[in-house]
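Required output: the full structure, derived from the provided sequences and hints.
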Amino acid sequence: MKSHHTEHRDKGFTRVSVLLGVVLALVVVFILGTRSQIKQPAADLPEMDVSLQEALQDALSRFIRSKLVYGTVPCADPVEYFQSHFYLRTYSGGIGQVRTAPPAGLSAQAWDELFHRAMASSGFAGAALSRCSLSVLGTGGRFHFCLNVERDVNAPQGSFLRTPYIFAEVSIQLQDLKTGQNLTCAQYLEPGRSGAGAVVEYLLFSIQSKEDSLDVTKDRKQFSLRR
Numbered sequence: 012m013k014s015h016h017t018e019h020r021d022k023g024f025t026r027v028s029v030l031l032g033v034v035l036a037l038v039v040v041f042i043l044g045t046r047s048q049i050k051q052p053a054a055d056l057p058e059m060d061v062s063l064q065e066a067l068q069d070a071l072s073r074f075i076r077s078k079l080v081y082g083t084v085p086c087a088d089p090v091e092y093f094q095s096h097f098y099l100r101t102y103s104g105g106i107g108q109v110r111t112a113p114p115a116g117l118s119a120q121a122w123d124e125l126f127h128r129a130m131a132s133s134g135f136a137g138a139a140l141s142r143c144s145l146s147v148l149g150t151g152g153r154f155h156f157c158l159n160v161e162r163d164v165n166a167p168q169g170s171f172l173r174t175p176y177i178f179a180e181v182s183i184q185l186q187d188l189k190t191g192q193n194l195t196c197a198q199y200l201e202p203g204r205s206g207a208g209a210v211v212e213y214l215l216f217s218i219q220s221k222e223d224s225l226d227v228t229k230d231r232k233q234f235s236l237r238r
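Numbering-wise, the sequence shown is residues 12 to 238 according to my numbering.
Hints are computed from structural coordinates only; laboratory data are not their basis.
In this text, a Cβ means the ideal position worked out from N, Cα and C, and glycines have one as well.
Any given hint could turn out to be false.
[What the hints assert, rightly or not] Pairwise CB distance ranges (calculated):
hint : residue 1 : residue 2 : range
1    : Gln120    : Arg173    : 29 to 37 Å
2    : Leu117    : Thr150    : 49 to 57 Å
3    : Asp226    : Gln94     : 26 to 34 Å
4    : Gly116    : Thr150    : 34 to 42 Å
5    : Gly107    : Gly169    : 30 to 38 Å
6    : Ala119    : Gly151    : 37 to 45 Å
7    : Gln168    : Leu236    : 16 to 24 Å
8    : Gly203    : Ser118    : 56 to 64 Å
9    : Val90     : Asp223    : 33 to 41 Å
10   : Arg231    : Arg100    : 29 to 37 Å
11   : Val210    : Arg100    : 18 to 26 Å
12   : Thr228    : Gly151    : 28 to 36 Å
[As the list claims (entries may be wrong)] When the alpha-carbon atoms are kept at most 27 Å apart in a straight line, the in silico DSSO-like pairs for lysine-lysine are as follows:
hint : residue 1 : residue 2
13   : Lys232    : Lys189
14   : Lys78     : Lys232
15   : Lys221    : Lys232
16   : Lys78     : Lys189
Structural data, given as structure tokens:
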């Protein structure tokens, strides 16, 4: 037969256990709630309803602001930054590499014919693709590189991720946005330079499939941002 002391002790342990369980449950609820409130960049998520132009501007802006931290060349590495992006990747190959690898589901003949027209080295898209191997990583405050979009045939209808092939030629110039003076990486990083920023321009090329033929569209965009 248990003594009164033992009964009181058992009841005390039970109350403590229940209290600890309630506290732990509240902690779990708080953590899950906090995580759900963390805002992820909409343009960085493939399932979000954003345009490719919005996605590019968002990604390039974050690349400049988060990775441009060195005053000497290379001032920032786009390869390192974009390797963890959901669908944007740097590209430094040539026309031949793209030409010999037609996207799945496309006519090989139609793909090859495209490289005798817009995607030829003398064509408006092919000339840009030829420049992708010319990587500039901060010389004179200038950056030049190319990006392409990793295709996802399982993406929702209407998503740009379903497009057979997309690439962008990117040009960035660090600049004092107050005076218009071009800046080097070291000048851009000077703490007292309140006008430090960048002018970003890109040429965006999309290869679309229309019945039995392929067409290339071009879009030029420019924007500026402060440091």
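Consistency of the hints with the structure:
1. Gln120 - Arg173: 29 to 37 Å: violated (21 Å)
2. Leu117 - Thr150: 49 to 57 Å: Once the Cβ atoms are compared, 38 Å apart, the range 49 to 57 Å for Thr150 and Leu117 is violated.
3. Asp226 - Gln94: 26 to 34 Å: At 30 Å between Cβs, range holds.
4. Gly116 - Thr150: 34 to 42 Å: The hint (34 to 42 Å, Cβ to Cβ) holds, given that Gly116 and Thr150 are roughly 40 Å apart.
5. Gly107 - Gly169: 30 to 38 Å: holds (32 Å)
6. Ala119 - Gly151: 37 to 45 Å: 42 Å Cβ-Cβ, so the 37 to 45 Å window holds.
7. Gln168 - Leu236: 16 to 24 Å: violated (33 Å)
8. Gly203 - Ser118: 56 to 64 Å: holds (58 Å)
9. Val90 - Asp223: 33 to 41 Å: holds (37 Å)
10. Arg231 - Arg100: 29 to 37 Å: Violated - the Cβ-Cβ distance for Arg231 and Arg100, about 21 Å, lies outside 29 to 37 Å.
11. Val210 - Arg100: 18 to 26 Å: holds (24 Å)
12. Thr228 - Gly151: 28 to 36 Å: Holds, at about 32 Å.
13. Lys232 - Lys189: Holds, at about 21 Å.
14. Lys78 - Lys232: Given pair Lys78, Lys232 holds - Cα atoms ~22 Å apart, limit 27 Å.
15. Lys221 - Lys232: holds (25 Å)
16. Lys78 - Lys189: Measuring from Cα to Cα gives roughly 23 Å; hence the hint holds.
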